[in-house]
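Same order as they appear, the protein sequences are chains A and B. Using numbering that gives the first Met the number 0, the letters of the first sequence correspond one by one to residues 0 to 424. Using numbering that gives the first Met the number 0, the letters of the second sequence correspond one by one to residues 0 to 424.
Don't read these hints as lab results, they were simulated from the structure. Idealized CB from N, CA, C, for every residue including glycine. Treat the hints with caution; some may be incorrect.
[As the list claims (entries may be wrong)] In silico contact screen, one side only, chain B against chain A (beta carbon under 10 Å); selected entries: (1) GLY60; (2) GLN104; (3) HIS375.
Protein chains: 2
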Amino acid sequence: MIDYDRFLSRAGEALLQSAIRQMGVMAAQLPDVISFAPGYPAPETFAWDEYREIAGELLRGRDGRVLQYGPTRGYPQLLEVFQQRLRARGIVAAIDELMVTTGSQQGLHLVGRVLIDPGDVVLVELPSYTGAIAAFKNAQATLVGVKQEVDGIDLAELDEVHRQHVRAGRRVKLLYLVPNFQNPTGLLIGLDKRRRLLEWAQRADVLIVEDDPYCDLYFEDAAHAADTRPIKADDDEGRVIYLSSLSKTLAPGFRVAWMQAPASLITKFDTAKQSTDLCTSGLDQRIAYEACRRGLLDRQVPILRRYYQRKRTVMASALSRELGDLANWPHPRGGFFLWVALPTGVDTQGMLARAMERQVIYVAGRPFFVDGSGSHLMRLSFSLPSAERIEEGVRRLADVVRAELEARTASEGNDDVGHGSTPGR
Amino acid sequence: MIDYDRFLSRAGEALLQSAIRQMGVMAAQLPDVISFAPGYPAPETFAWDEYREIAGELLRGRDGRVLQYGPTRGYPQLLEVFQQRLRARGIVAAIDELMVTTGSQQGLHLVGRVLIDPGDVVLVELPSYTGAIAAFKNAQATLVGVKQEVDGIDLAELDEVHRQHVRAGRRVKLLYLVPNFQNPTGLLIGLDKRRRLLEWAQRADVLIVEDDPYCDLYFEDAAHAADTRPIKADDDEGRVIYLSSLSKTLAPGFRVAWMQAPASLITKFDTAKQSTDLCTSGLDQRIAYEACRRGLLDRQVPILRRYYQRKRTVMASALSRELGDLANWPHPRGGFFLWVALPTGVDTQGMLARAMERQVIYVAGRPFFVDGSGSHLMRLSFSLPSAERIEEGVRRLADVVRAELEARTASEGNDDVGHGSTPGR
Chain A
0 MIDYDRFLSR AGEALLQSAI RQMGVMAAQL PDVISFAPGY PAPETFAWDE YREIAGELLR
60 GRDGRVLQYG PTRGYPQLLE VFQQRLRARG IVAAIDELMV TTGSQQGLHL VGRVLIDPGD
120 VVLVELPSYT GAIAAFKNAQ ATLVGVKQEV DGIDLAELDE VHRQHVRAGR RVKLLYLVPN
180 FQNPTGLLIG LDKRRRLLEW AQRADVLIVE DDPYCDLYFE DAAHAADTRP IKADDDEGRV
240 IYLSSLSKTL APGFRVAWMQ APASLITKFD TAKQSTDLCT SGLDQRIAYE ACRRGLLDRQ
300 VPILRRYYQR KRTVMASALS RELGDLANWP HPRGGFFLWV ALPTGVDTQG MLARAMERQV
360 IYVAGRPFFV DGSGSHLMRL SFSLPSAERI EEGVRRLADV VRAELEARTA SEGNDDVGHG
420 STPGR
Chain B
0 MIDYDRFLSR AGEALLQSAI RQMGVMAAQL PDVISFAPGY PAPETFAWDE YREIAGELLR
60 GRDGRVLQYG PTRGYPQLLE VFQQRLRARG IVAAIDELMV TTGSQQGLHL VGRVLIDPGD
120 VVLVELPSYT GAIAAFKNAQ ATLVGVKQEV DGIDLAELDE VHRQHVRAGR RVKLLYLVPN
180 FQNPTGLLIG LDKRRRLLEW AQRADVLIVE DDPYCDLYFE DAAHAADTRP IKADDDEGRV
240 IYLSSLSKTL APGFRVAWMQ APASLITKFD TAKQSTDLCT SGLDQRIAYE ACRRGLLDRQ
300 VPILRRYYQR KRTVMASALS RELGDLANWP HPRGGFFLWV ALPTGVDTQG MLARAMERQV
360 IYVAGRPFFV DGSGSHLMRL SFSLPSAERI EEGVRRLADV VRAELEARTA SEGNDDVGHG
420 STPGR
């Protein structure tokens with residue numbers, strides 16, 4: 000037998016699995032389980048009829064380029080569509096500042112590859128999106144978390160953490176933010192804080208990576224379009240690398256997202272993408288383009304807002320009813336996620352075995368925290384399951400939490416005081 | 000203005016552009032040009048009607064997973080199809096040794112990421128595929144070329160080069176080979192040499208990366224299926240990482256390829272792919288699966304063999320007629336490429352300006368050589384242009400070559416003797 004570990008690169012040895020992907024695989028293996036784990040959009044919202052019609056037209060064979068290798072930067076007309084959509088978000092982008100990516104995950108990967116040397120510091124929110132954590136860790140970044148308040152990252156702590164690492168001789172290159180309906184917390188960064196974050200990045204000479212997949216999915220009972228104004232919209236000097244995606248609005252199976260960055264960086268990302276996958280799927284890009292051009296995306300988005308708002312309400316109401324005495328969470332004003340804090344000492348990772356027995360799953364909080372905290376938190380996605388399944392799943396989850404607390408109380412009676420709060424539990 | 004160079008990683012600074020991609024962009028900008036540059040399959044061979052029908056069925060919305068996030072390793076039924084196709088090539092693969100990639104370019108990227116540390120040596124043929132060169136260089140490998148004979152890489156030189164680098168304290172990890180109808184030379188590695196390469200890799204404790212996109216595209220007037228037997232078919236100990244693709248047979252716009260490797264390495268590639276693009280396009284994978292399941296791919300392949308064989312014959316005949324006195328090339332027994340040697344001293348890179356004036360382009364030879372040689376060579380793809388365009392393009396090319404030789408003769412009269420053969424020219 001060959002020992003393949005001898006052949007691994009240091010990056011290969013250290014590769015980080017995505018906690019969410021693991022839960023997705025697990026859910027696929029358990030068909031009866033009610034899954035609040037993956038942040039999947041609901042397929043019944045997909046515009047199947049229109050996609051069928053569009054695909055039928057594209058596949059008539061009149062334009063061979065639909066199924067040919069295409070430009071690494073993406074289908075030029077699709078870039079123009081993204082340029083227009085950005086304008087509606089207050090962002091003025093030149094075409095040479097834009098690039099299609101195979102999902103925003105690829106954008107994050109390219110950022111890591113082009114900008115991060117091993118040991119460079121990337122500042123992230125506590126908690127932050129696990130896909131970004133994985134992309135930056137796999138580029139061998141040192142990830143440093145900064146406390147998050149209800150209106151976004153804590154500026155004083157951000158400044159202090161930055162100073163510490165600069166003093167320690169480290170290069171702090173990036174600040175990664177999900178300003179709109181963050182994964183996992185569902186929080187919005189306040190408008191004032193967005194401006195202050197941009198000013199801070201200018202002073203600290205750090206680039207901001209603004210990851211904005213949920214921008215369009217605000218809930219009209221709690222937020223306005225104006226609340227989602229991207230940091231990039233006020234970026235006059237090219238301080239922000241902006242990522243957005245069609246995965247949450249059209250469909251994630253089309254791996255179509257885009258990034259905006261200063262032209263010289265886009266040139267680098269383009270070159271890196273060439274050797275990563277040459278180009279994004281031609282058919283996916285064309286369907287996405289037609290869906291935008293024909294107004295389908297614009298018609299979809301208000302429907303999606305109402306659809307996910309209703310599911311949010313169902314889940315939040317069920318949680319209040321079933322777990323209101325034990326848990327708390329920020330009320331989601333958009334997006335896919337509800338971020339639940341259980342009593343300190345509950346370990347949501349350990350509790351998963353019990354949850355799986357009761358046929359309900361979620362994503363445990365700790366993988367979202369680069370400082371190893373967050374063990375009493377969990378992310379619940381309300382995007383995929385039906386209202387009925389959400390109600391039933393929350394009932395199951397409440398049973399699981401109560402059983403866990405009872406088991407804890409029983410075991411604490413026979414146990415060291417304080418042992419229950421060690422992070423490993 | 001922000002100086003973004005200050006933010007680049009060392010990998011980001013050193014990123015290598017693909018010469019072929021650059022030519023593709025150039026060709027797209029010049030619609031009247033006859034392009035022998037990119038190795039694009041011919042869209043008129045694509046099974047448009049069947050794809051339209053398949054897409055129509057898949058997009059009825061009865062299976063939401065078609066447009067949902069999918070497993071990083073790929074659609075499970077598609078992996079089974081690849082398992083069967085490998086069996087027909089003499090390769091026995093377990094399912095956990097297989098993974099879908101977003102084109103074989105992604106497979107090469109993942110190999111670089113998981114296995115290559117900066118400075119590790121990757122041995123490649125002289126010449127070798129530029130996409131692989133870029134993927135490994137961008138992983139900061141040291142690429143070392145080994146002379147290629149008509150039946151494949153020179154074993155004695157391979158052994159000597161390997162010894163040199165081991166003696167110099169370098170880690171030689173990979174040997175990258177395209178055994179079937181290599182890009183750019185069109186050459187096949189002989190069956191005996193394939194076995195000896197595998198034995199060599201065992202003795203030298205090097206992994207082989209076998210890149211096999213053209214396997215099915217042998218020309219029946221010059222080769223048999225048996226001539227294309229993969230090295231992987233005789234690999235009992237897991238020494239070979241095998242890559243293949245549907246880009247040259249179904250269509251490259253579907254970014255669907257696959258890799259086979261020992262299960263423990265596939266686990267690593269899977270984890271790396273998670274943070275690279277999460278998963279390959281769902282619609283593309285499903286269309287590919289249906290095309291295989293319904294026998295479409297098996298029906299297509301013999302048609303493609305005849306189609307590309309005819310174009311090969313047209314180009315080879317035109318070249319013999321127009322340039323037979325000045326150029327030579329190995330007769331392609333499969334694949335997309337004709338590899339033309341011009342008289343030593345002609346710089347095909349420099350000649351491109353003249354070629355573009357005459358509205359014909361190709362890929363200059365030097366980027367395929369990691370040792371900087373190959374300046375009198377050029378790669379001509381016969382896959383995309385029509386027979387008429389091939390004839391006309393070769394006529395234009397012959398004019399270009401003759402004009403270049405005349406200009407050289409004229410300038411050599413006024414120039415340093417020998418200056419004409421310096422590599423920089």
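Consistency of the hints with the structure:
For B:GLY60, the suggested interface contact is upheld, since its CB lies about 3 Å from the closest CB of chain A, less than 10 Å. This hint holds: B:GLN104 has a C-beta 5 Å from the nearest C-beta of chain A, less than the 10 Å allowed. A cut of 10 Å between beta carbons decides the hint on B:HIS375: the least distance to chain A is about 26 Å, and the hint is violated.
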